[in-house]
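Line order of the protein sequences matches chains C and V.
Just so you know, the first sequence maps onto residues 1 to 204 in this note's numbering.
Just so you know, the second sequence maps onto residues 1 to 204 in this note's numbering.
Be aware that a few hints might be false.
Here are some, though not all, of the chain V residues that point toward chain C, as calculated from beta-carbon distances under 7 Å [stated by the list, open to error]: (1) Val62; (2) Ala67; (3) Arg74.
Don't read these hints as lab results, they were simulated from the structure.
Ideal placement from N, C-alpha and C gives every residue a C-beta, glycine not left out.
Number of protein chains: 2
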Amino acid sequence: MAPQYKLTYFDIRGLAETIRYLFKYGEIEFEDVRIKHENWPPLKDSTPFGVLPILEHNGKVVGQSIAIARYLGRKVKLAGENEWENLEIDAVVDTLNDMKSKLSAIFAEKDEAKKKVLIEAVKKDTFSFYLPRLEAIVKKNKGYFALGRLTWADFYFATVSPAYDLVTGEDILASYPNLKSVREKVNALPAIKKWIEVRPKTDF
Amino acid sequence: MAPQYKLTYFDIRGLAETIRYLFKYGEIEFEDVRIKHENWPPLKDSTPFGVLPILEHNGKVVGQSIAIARYLGRKVKLAGENEWENLEIDAVVDTLNDMKSKLSAIFAEKDEAKKKVLIEAVKKDTFSFYLPRLEAIVKKNKGYFALGRLTWADFYFATVSPAYDLVTGEDILASYPNLKSVREKVNALPAIKKWIEVRPKTDF
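Turn these sequences into a full structure, and let the hints steer you where they fit.
Right under this line is the structure:
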């Protein structure tokens, strides 16, 4: 039987990797479609808002990577047991997303000198503000981002946090052992470990 | 009995108004705490990430306005009946939020000439891209943003869309009757109509 889910994104980890991790963790088959950049312009207009990833299921199409991750997190039992617990997960994910959005100017900057200035500003204003607070949250939650146990928020962090090192060229989590351990724990889950071994090798 | 929820924000509609609408719609009592800007600096460090709104309930505190709105949307039965339906709601809310995030540079710009340039760019690149697509979604969904019926996505749009006019000084939805009607329908709900009459009068 053909997979019931079709995920379309570029041939990178990027915004789709949380989704791929959740499919793998839940042993849900999916079609992992990877569009080459040169093939994207003619396809763009056929997507709901001209952006990827999109997920197709039962003849329906949706976008928005975090919304898709939440859906799968619930499906594979990495969500809360009541709505307040789900709110705790959602709030920390949106905070991680707020932090990540402050890195986008660095990705966009092509001038190396200007990029260096932006990186220093992000280290000083963004990382040094958010990371100690997030580290304290993980410590309080017994090594996880919410509920004192593994949730899809940890999957989100494990797949998004490599961008911190990528934009700065540094080991940004070096002084945050609890945060680092979240990523290591997720990546050591048998299904994820196996996925990391076999997934397409891409730069980010 | 004291309300079981305490919402803390500034004395504006802003990011908290979706939440207030949902409390009112569901007839859930809440303490509507409004911090004056001059009293904010000493309070800032006591919040999880130095930002408002925050919601307190049963001795716990969470931030993130959209996450809180989702929680309340489910509580007051303005959510989906299964997880795919919830994904459809979440995806359109995140798309509205993507569009809104492109307005923030206008809010921040103090120079009137530069502000005008930014407004024209937003009209050309953002509104003219998103609004026709959103208009088509609402038309397809029988006058709502998702599921062919009233959901918390409509509440989000009703409370967020006045910002489009505020930043541009124009009636941005004038040529989008379906979008305009979503706002009107939400604002005409008896509990919301009453809230609009009695709520504190603020500029935005």
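Structure-based check of each hint:
Residue-level restraint check for V/Val62 holds (minimum Cβ-Cβ distance to chain C is 4 Å; threshold 7 Å). Interface restraint check: V/Ala67 against chain C, minimum CB-CB distance 4 Å, threshold 7 Å, status holds. With a least beta-carbon distance of about 5 Å to chain C, the hint placing V/Arg74 at the interface is held under the 7 Å criterion.
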